[in-house]
Amino acid sequence: MVTVTIATSIDDACAALDSDPGALVMAGGTDLMVEVNRGTRLVGNVVAVDRVPELRGWSLEGDRSDVLRLGAGTTCADLAEPSLAKLVPALAQAARTVGSPQIRNAATLGGNLATASPAGDTLPVLAALDAEVELRSSAGTRRLPLDEFVVGVKVNALVPGELITAIRVPVLNGPQEFLKVGTRNAMVIAVTSLALVVDRPGRTVRVALGSVAPVPVRAIEAEVLAAERCDFDGMSVPPDEVVERFAILTADAARPIDDHRGSAAYRRHAVSVLARRAIRRAFSGVPSVAA
Amino acid sequence: MTTLEAVSRTAAGPRIGESAPRPDGVPKVTGSFAFSSDLHNDRMLWGGTLRSPHAAARIRGIDVGPALALAGVHAVLTHEDVPGSPTYGLIHRDQPVLASDVVRYEGEPVVVVAADHPDMVRRALAVIEVDWEPTEPLVDPELAADATPIHPDGNVIRRVHLRHGDQTVADRQDLVSVEGTYEVGMQDQAFLGPESGLAVPDGDGGVDLYVATQWLHEDRDQVAACLGLPDDKVRLTLAGVGGAFGAREDLSLHVHLCLLALRTGRPVKMSYGREESFHGHVHRHPARMHYRHLATTEGDLVRVEARLLLDGGAYASSSSAVISNATCFAVGPYRVPSVEVEGVVVRTDNPPCGAMRGFGAVQTCFAHEAQMDRLAVALGMDPVDLRLRNALEPGDRLPTGQVITGTLPVAEVLRACAGHPSAAVGPDDPMARPGGAGRTADIDDVVRGEAVAVGFKNLMFSEGFDDSSSARCVLHRGVATITCACAEVGQGFVTLVHQIVGEVLGVDEVVLAPVATTSIGSAGSTSASRQTWMSGGAVQMACESVRRELLARVAAANDVSVHDLVLVDGRIFSLPGGGSGDDYLSIDLSLDEVTAEPVEADVVHRHAPTLPLDADGQGDAHVSFSVSAHRAIVDVDPDLGLVKVVELTTAQDVGRVLHPLQVLGQLEGGAAQGLGLAVMEEVQVTDGRIRNASFTDYLIPTALDMPPVEIAALIEQPEPGAPFGAKGIGEPPAISSTAAVAGALRDATGLDLPRVPVRPDDICLASGSALDEAD
Ligand SMILES: Cc1cc2nc3c(=O)[nH]c(=O)nc-3n(C[C@H](O)[C@H](O)[C@H](O)COP(=O)(O)OP(=O)(O)OC[C@H]3O[C@@H](n4cnc5c(N)ncnc54)[C@H](O)[C@@H]3O)c2cc1C
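Chains as they are written, first to last, in our numbering: chain A, 1 to 291; chain B, 1 to 775.
Do not rely on the hints blindly, as some may be mistaken.
Lysine to any residue pairs mimicking SDA-like chemistry, simulated, CA-CA at most 20 Å apart [to be verified]: (1) A/Lys86 / A/Ser117; (2) A/Lys86 / A/Leu60; (3) B/Lys233 / B/Ser522; (4) A/Lys86 / B/Pro430; (5) B/Lys233 / B/Asp208; (6) A/Lys154 / B/Ser522.
Because the hints were derived from the structure by calculation, they are not lab data.
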């Protein structure tokens with residue numbers, strides 16, 4: 001007999017998981033049900049968390065209200081709403097590329113994160129933003145930086161009985177870009193993707209890549225170059241040689257493989273093109289100040 | 001006012017030429033239509049199939065004991081349980097119902113199971129032990145002909161060597177020549193409703209099978225042979241079909257279901273999942289094609305040489321007919337005095353290939369149109385002018401020697417399509433650029449290209465096949481009941497029947513009898529763009545026969561001549577001055593009154609006979625032809641190799657429009673399928689293994705990939721011999737669309753792009769591309 005617990009609060013969900021740590025957490029079900037139908041995931045007991053209001057909303061935290069706390073149950077459709085989109089434009093852009101409208105209405109940020117697929121579209125953005133993951137179980141709450149949460153291909157740091165409750169990201173002052181390459185113009189798994197965020201007051205550019213390594217990767221050397229050479233005051237487009245160097249260093253961070261979705265050579269090449277375009281767009285002279 | 005004017009067009013019912021509502025339209029859109037996967041019987045068991053994980057292997061032994069021992073498992077059957085013919089097939093019966101000593105492709109069925117619940121089926125399949133000895137699969141079609149045969153019937157399924165005209169012109173030195181090698185990947189029909197069926201034993205040794213198929217009677221013959229039963233013991237009824245496109249012409253789960261039902265004495269249902277479906281039906285043949293075109297400097301084609309190699313995969317299916325088509329139509333709808341084509345289809349350990357919309361003409365159209373564009377460049381000519389100059393016309397000869405006696409408006413479709421004003425706008429909307437929702441391209445990253453392509457193929461079966469369709473019309477109390485075994489697979493035959501009955505008899509109350517092998521003879525296959533002509537024609541004949549009999553009946557009863565009677569919109573009238581000499585309209589009877597005693601007609605409709613091809617590929621092998629042209633406008637992001645098809649414009653030879661909306665549907669759907677083949681659709685096979693057996697990775701166009709289809713013209717030149725002059729329209733849209741999109745991509749990028757689907761790498765990592773970079 002399979003039991004399905006429909007949780008209506010985080011405590012509910014934690015209690016249900018506490019008594020049955022092997023139970024499957026189900027949010028939108030857009031990853032889980034695919035696995036169940038394919039037979040790669042056995043149906044066990046289920047704790048459904050899609051009706052937990054606390055998981056759904058978002059709020060601004062911190063002294064200067066510059067930290068955005070996103071409930072794990074925030075859907076991709078929610079993320080693309082203008083009010084959220086202006087706080088974290090790249091996350092909205094990434095959410096907009098997920099699946100189809102039907103999928104985006106169900107798919108959650110927590111689910112995308114927990115699935116920890118190299119092609120999860122929100123992951124590079126969260127990596128570029130140095131996001132922090134809030135986890136809860138009946139034992140208490142803990143927080144992990146993103147790179148300690150996503151640890152391998154479809155491997156995360158959740159322990160049995162634990163729930164993702166929220167994701168925290170900084171609200172940055174500066175342009176953001178998310179670009180995703182797929183062989184179809186919508187509803188496609190990323191062949192490669194890139195997120196770039198600019199922190200003007202902090203005078204940094206952070207760039208992260210999806211689908212080119214087991215986990216989202218940051219292009220640290222490219223970031224160092226950008227911090228040194230970009231014009232954070234005037235926001236003018238960097239000189240061509242800087243853009244080229246930035247593109248090469250970004251592509252160097254990629255560790256792509258050949259698979260049926262694309263060749264490693266193509267992925268590496270695409271990363272360099274995306275890097276070039278993203279930095280040019282971000283520094284196009286039109287400062288887009290967030291919030 | 002004449003009598004006819006006085007009485008005509010009072011009826012509301014659908015007539016030929018109108019967009020009559022589809023009887024199955026609303027149920028399909030609202031979800032109440034029962035597809036084959038919705039079949040249910042309270043006592044039913046679930047069936048499942050154990051398939052080969054290897055592309056090639058010997059089977060040393062099969063132990064079904066552990067599966068049989070499981071509670072809830074009712075039958076576990078192997079090849080030993082097949083009582084009749086161990087093999088089946090559409091043209092050659094070379095495919096095992098269940099593999100015995102060897103498997104020849106990944107996914108080949110080996111064992112079937114029936115159990116109480118799908119989960120039990122899964123568990124049973126998991127514990128069956130097959131002692132495999134994997135062997136080296138033969139996966140390169142180039143090597144197949146000379147390799148050790150992987151099947152007792154050999155590795156060459158068919159070779160057609162067509163020679164036409166003066167072969168010595170091959171050596172002429174005064175001609176312009178262009179040469180190229182082209183490749184087409186393996187496309188899937190990608191229907192939405194996976195294979196499903198329900199078999200119900202009758203308790204008397206026979207079985208009823210409800211299944212989604214394209215051709216009930218052919219299935220029945222093959223199933224009965226494998227079961228070792230006489231035909232009348234195996235009865236097939238059409239279940240709701242969720243798309244076909246050729247993939248349901250071959251048997252899939254049919255025999256398996258019947259074996260399980262007969263063994264268990266219980267109804268058994270099977271429903272493939274998506275991944276299983278990719279292994280469970282045939283695909284479009286991948287092709288390698290080498291062409292040489294020779295033309296005068298003025299642009300007259302003198303000779304075309306082609307070598308075609310199709311990969312048939314492990315079993316023959318309809319390969320021998322596909323290669324014949326590919327060969328016959330290899331040069332396209334052009335007048336070519338000298339032709340040599342060698343078409344070969346071989347057997348490999350790749351997934352079996354067979355029928356798919358366009359049937360061999362899709363592959364060659366991609367190649368001959370690329371050649372025509374190349375030739376235009378070599379001649380410094382406009383590519384459309386070059387095509388027009390060489391366009392086939394009625395009265396011309398095909399490379400098979402056959403003279404075109406019907407209509408074939410090649411120049412007309414080309415002119416209409418090429419001359420149609422474009423409504424395409426620039427790539428201002430970021431979503432509408434290559435890369436779409438992925439936000440990859442800025443406006444300056446995009447280049448545009450345009451090309452026109454034309455293609456044609458035969459309608460109906462060829463090469464002497466005795467092709468027919470049966471229909472019955474019973475008119476009783478004003479209600480017409482039509483019986484025909486034509487499989488409705490989405491093409492709209494169910495709508496057309498109403499229109500034909502309305503047109504011929506003026507009857508609006510039409511009942512379509514269940515489509516089953518027991519009710520009537522074969523309607524032939526819903527394929528080859530043939531059902532409107534063949535089964536539509538049969539229904540028309542049956543209705544006309546009823547009409548004649550009705551008039552004769554009324555004439556006799558009223559002592560007038562049939563020539564003085566007319567049937568208009570469901571009433572029979574006498575004409576002025578006729579028979580009785582009374583006032584006109586002295587006879588005015590409703591069909592209701594006249595058919596208190598039913599009037600019935602049973603007919604078999606045949607098209608004009610065709611002949612086999614001779615040793616040189618010559619002969620009047622085809623009935624009729626249809627041509628279409630497409631113009632594609634594409635945007636390309638050359639740095640990323642991403643593509644957006646901005647506009648597709650088409651003109652098609654339709655004979656006559658019977659239902660405008662259904663014509664539009666076929667033209668849009670076919671173009672989408674052709675676009676898919678051009679830029680994304682491919683079953684990727686490595687070492688005989690399918691790598692993308694899912695709709696996650698087998699990509700078909702979305703609304704952001706498929707542009708609006710502009711209809712430049714529907715050329716209505718009635719085809720002699722065709723019912724209402726209408727030609728089949730289902731396949732041509734899938735033929736020239738691929739070639740047009742590929743041509744436009746070449747125009748945009750300046751690359752050769754000799755293979756479809758064109759992958760991003762082919763564009764941005766092409767060797768010699770100016771866009772190469774050091775990274
Ligand atoms: C047609 C289709 C298209 C898609 N396209 C894309 C795409 O373009 N890009 C993309 O990135 N993804 C895509 N996906 C995948 C999927 O939609 C996303 O990963 C989505 O964000 C998953 O969220 P969910 O709420 O549906 O997760 P679920 O399916 O409910 O859960 C997924 C996993 O996360 C766990 N989980 C969920 N919520 C929590 C929580 N709060 N705490 C702990 N564990 C949790 C579940 O136990 C499960 O292991 C697609 C899926 C489909 C079916």
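Hints, one by one, checked against the model:
| no. | hint | result |
| --- | --- | --- |
| 1 | A/Lys86 / A/Ser117 | violated, 26 Å |
| 2 | A/Lys86 / A/Leu60 | holds, 13 Å |
| 3 | B/Lys233 / B/Ser522 | holds, 16 Å |
| 4 | A/Lys86 / B/Pro430 | holds, 19 Å |
| 5 | B/Lys233 / B/Asp208 | holds, 8 Å |
| 6 | A/Lys154 / B/Ser522 | violated, 53 Å |
Checked against the numbered hints above, the structure breaks hints 1, 6 and satisfies the rest.
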